[in-house]
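**Student:** Turn these sequences into a full structure, and let the hints steer you where they fit.
There are 2 protein chains.
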Amino acid sequence: MSDQMKRIVLASRPEGAPTPENFRLETGELPEPGEGEVLVRTHYMSLDPYMRGRMDDAKSYAAPVPIGGTMEAGGVGEVIASNDPSFKPGDFAFGMLGWATHGVQPAKMLRKIDPDQMPISATLGVLGMPGFTGWYGLTELGRPQKGETLVVAAATGPVGSMVGQLARLAGLRVIGIAGGSEKCKLATDTFGFDACIDHRAYEAAKDLRKAISDAAPDGVDIYFENVGGKVLEAVLPLMNPHGRIPICGMIAWYNAGGLGAGANSDTLTGPDLWRNILVKFLSVNGFIIANHWDRFGEFLKEVAPRVASGEIKYLEDVAEGLEAAPEAFIAMLEGGNTGKQVVKLV
Amino acid sequence: MSDQMKRIVLASRPEGAPTPENFRLETGELPEPGEGEVLVRTHYMSLDPYMRGRMDDAKSYAAPVPIGGTMEAGGVGEVIASNDPSFKPGDFAFGMLGWATHGVQPAKMLRKIDPDQMPISATLGVLGMPGFTGWYGLTELGRPQKGETLVVAAATGPVGSMVGQLARLAGLRVIGIAGGSEKCKLATDTFGFDACIDHRAYEAAKDLRKAISDAAPDGVDIYFENVGGKVLEAVLPLMNPHGRIPICGMIAWYNAGGLGAGANSDTLTGPDLWRNILVKFLSVNGFIIANHWDRFGEFLKEVAPRVASGEIKYLEDVAEGLEAAPEAFIAMLEGGNTGKQVVKLV
Chain A
1 MSDQMKRIVL ASRPEGAPTP ENFRLETGEL PEPGEGEVLV RTHYMSLDPY MRGRMDDAKS
61 YAAPVPIGGT MEAGGVGEVI ASNDPSFKPG DFAFGMLGWA THGVQPAKML RKIDPDQMPI
121 SATLGVLGMP GFTGWYGLTE LGRPQKGETL VVAAATGPVG SMVGQLARLA GLRVIGIAGG
181 SEKCKLATDT FGFDACIDHR AYEAAKDLRK AISDAAPDGV DIYFENVGGK VLEAVLPLMN
241 PHGRIPICGM IAWYNAGGLG AGANSDTLTG PDLWRNILVK FLSVNGFIIA NHWDRFGEFL
301 KEVAPRVASG EIKYLEDVAE GLEAAPEAFI AMLEGGNTGK QVVKLV
Chain B
1 MSDQMKRIVL ASRPEGAPTP ENFRLETGEL PEPGEGEVLV RTHYMSLDPY MRGRMDDAKS
61 YAAPVPIGGT MEAGGVGEVI ASNDPSFKPG DFAFGMLGWA THGVQPAKML RKIDPDQMPI
121 SATLGVLGMP GFTGWYGLTE LGRPQKGETL VVAAATGPVG SMVGQLARLA GLRVIGIAGG
181 SEKCKLATDT FGFDACIDHR AYEAAKDLRK AISDAAPDGV DIYFENVGGK VLEAVLPLMN
241 PHGRIPICGM IAWYNAGGLG AGANSDTLTG PDLWRNILVK FLSVNGFIIA NHWDRFGEFL
301 KEVAPRVASG EIKYLEDVAE GLEAAPEAFI AMLEGGNTGK QVVKLV
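So the protein sequences, as listed, match chains A and B.
Residues in the first sequence are numbered consecutively from 1, following my numbering.
Residues in the second sequence are numbered consecutively from 1, following my numbering.
Simulated from the structure, these hints should not be mistaken for laboratory data.
Heads up, a few of these hints could be off.
What the hints assert, rightly or not - What follows is a set of in silico ranges between Cβ atoms, one per label pair, in the way DEER data are often shown:
#1 A:ASP214 with B:ARG13: 29 to 35 Å
#2 B:ALA201 with A:LEU300: 51 to 57 Å
#3 B:GLY180 with A:GLU21: 50 to 56 Å
#4 A:LYS313 with B:GLU298: 44 to 50 Å
#5 B:SER213 with A:LYS206: 56 to 62 Å
#6 B:LYS108 with A:GLN145: 28 to 34 Å
#7 B:ALA63 with A:GLY336: 30 to 36 Å
#8 B:ASN291 with A:GLY16: 28 to 34 Å
#9 B:ASP207 with A:GLY16: 26 to 32 Å
We put the beta carbon where it would ideally sit given N, CA and C, even for glycine.
**Tutor:** So, in structure tokens, the structure goes:
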């Protein structure tokens with residue numbers, strides 16, 4: 001075991017899409033855990049779209065990563081030193097360990113994982129934050145009813161695939177949107193969606209809208225919003241009265257800069273949006289899953305057995321080594337990954 | 001009693017703000033009520049912002065008024081002929097009687113009014129659709145909590161004044177927005193708002209925002225949206241996390257044409273809006289009160305005694321005679337009225 005720790009810091013704030021130059025690899029001493037703290041050697045770290053938001057110095061639901069600070073990430077790994085009675089070396093734990101080979105966290109900020117119950121990487125995806133995000137948003141804010149129609153983009157991603165599979169199990173017609181015919185095939189064949197539309201085949205929002213409309217002859221009751229941009233513009237006019245739109249993220253807009261940036265707004269205006277919400281009596285709810293951890297046990301209880309039985313499927317895209325993280329992250333923001341993007345460190 | 005009926009029809013669809021030429025007065029025979037129908041002589045008819053939407057041939061929650069069709073309106077008056085046992089001549093009734101001196105409606109579409117219980121015109125405002133809209137939107141979608149801050153525009157109008165008074169009674173800090181210092185004085189002195197801001201004193205949304213921010217030092221928890229445009233743009237960045245925005249109408253945008261029109265969107269883009277909903281975890285709900293008449297009894301039970309006791313106040317702006325309706329309507333859309341706009345016909 002090395003006495004050195006490697007981490008990736010934010011070297012500069014991106015203008016638009018991040019580039020490798022926005023990141024810097026640093027090597028330093030292995031940190032010592034303080035009183036009540038635990039040192040974890042990270043086996044897998046998570047890459048998620050929300051991290052793009054942390055790179056901007058804009059008002060958001062979380063503070064930005066400072067220049068020179070370690071990029072934030074959830075990670076799972078093995079405890080190698082502990083100053084708290086609740087963890088001992090050899091335990092496995094999940095926590096916000098950062099883009100780093102090791103992380104120190106207060107014991108109460110870590111969740112113990114049983115590696116015999118599931119592959120530990122699942123705690124970053126299908127049984128972690130992304131899966132929980134899909135479950136919470138669909139269940140609490142989407143309020144699915146049998147026979148309704150749901151649209152979700154990034155259909156093969158860890159949030160979209162959870163939303164679509166849960167909705168199918170609840171008796172809804174499920175239409176996925178994904179980038180490329182291979183992902184669409186995954187959505188229907190692996191995840192069991194009723195239909196999947198390749199948004200790359202449609203340049204204009206109105207053409208994408210026509211394709212969605214053909215696949216949703218009864219209109220759309222729930223649009224689970226996790227991408228923004230062209231898909232939102234395509235779906236909005238197809239919403240049925242009393243439709244629900246949970247909003248958990250907008251990857252298409254993350255690269256546009258902070259609040260006030262206007263990417264993709266050429267045709268979709270504020271008044272358009274607002275008027276649609278009014279005339280269709282839509283219920284639009286933004287949420288971040290961090291506010292709802294009190295429901296996490298309920299989620300695990302309901303979903304973990306369905307994952308174990310294979311009823312709910314999941315896919316991972318594994319990058320190898322910390323040094324691969326920036327490129328994997330950049331590619332993920334462009335839709336280059338298939339399934340939950342993780343980085344394997346051990 | 002005349003055997004003639006006068007009505008105002010839609011002569012042409014407006015481009016932007018309506019003009020007198022969009023309306024035409026017609027005179028004809030008094031209609032005969034059919035089986036199960038009732039003929040009412042209208043004493044008061046209501047003018048409301050939603051009627052502007054009915055003048056457009058655009059997709060909305062209700063069918064447009066056809067060219068040559070009678071303009072829609074709620075009205076209250078005296079039954080003068082009835083072919084249904086539930087009404088007899090001399091009864092008073094509320095219904096969708098249109099911009100007309102008389103109206104025929106199926107008995108089941110009329111609501112009997114007791115003129116001894118309240119001035120009959122109140123059934124068009126404080127104890128009718130506008131008051132009910134304010135009560136429902138605030139109670140069900142605003143979910144007010146003691147100590148929170150609420151902003152409502154058109155503060156002296158029948159919806160805004162109900163929302164603000166109910167919120168004050170529930171222990172909220174209430175900030176009104178109104179057009180002109182006289183209306184602002186009414187909001188604070190008559191309706192008891194904590195503060196009122198004259199939006200005419202602020203050309204730019206950012207200046208209006210500063211004024212609202214000064215009046216709302218703890219941020220805004222509920223924005224009751226009934227105007228759109230500059231006020232929305234001013235308030236949106238002031239919303240606190242987990243804020244609620246019930247949307248019941250957008251008078252500022254009604255004159256912009258149908259869906260897809262982009263008035264006031266120079267600076268407020270679709271992505272701005274969407275991103276605000278996400279990062280503040282806002283709950284944005286469009287509604288039209290017509291879908292919630294099942295709650296009307298509950299509203300009356302709660303609010304009517306408070307109106308009778310004077311705890312909840314209301315104002316009416318009365319135009320005289322059917323011929324005055326178009327000009328009163330046009331002026332109302334520009335904010336020229338004070339209090340609920342009605343037209344007195346008898």
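**Student:** Hint by hint, note whether the structure agrees.
**Tutor:** Against the structure, the hints come out as follows:
1. A:ASP214 with B:ARG13: 29 to 35 Å: holds (32 Å)
2. B:ALA201 with A:LEU300: 51 to 57 Å: Taking Cβ atoms as reference, ALA201 of chain B and LEU300 of chain A lie about 55 Å apart, which means the hint holds.
3. B:GLY180 with A:GLU21: 50 to 56 Å: holds (55 Å)
4. A:LYS313 with B:GLU298: 44 to 50 Å: holds (47 Å)
5. B:SER213 with A:LYS206: 56 to 62 Å: Taking Cβ atoms as reference, SER213 of chain B and LYS206 of chain A lie about 39 Å apart, which means the hint is violated.
6. B:LYS108 with A:GLN145: 28 to 34 Å: holds (29 Å)
7. B:ALA63 with A:GLY336: 30 to 36 Å: violated (48 Å)
8. B:ASN291 with A:GLY16: 28 to 34 Å: About 43 Å separates the Cβ atoms of ASN291 of chain B and GLY16 of chain A, which means 28 to 34 Å is violated.
9. B:ASP207 with A:GLY16: 26 to 32 Å: holds (31 Å)
Of the numbered hints given earlier, the model fails hints 5, 7 and 8; all others are met.
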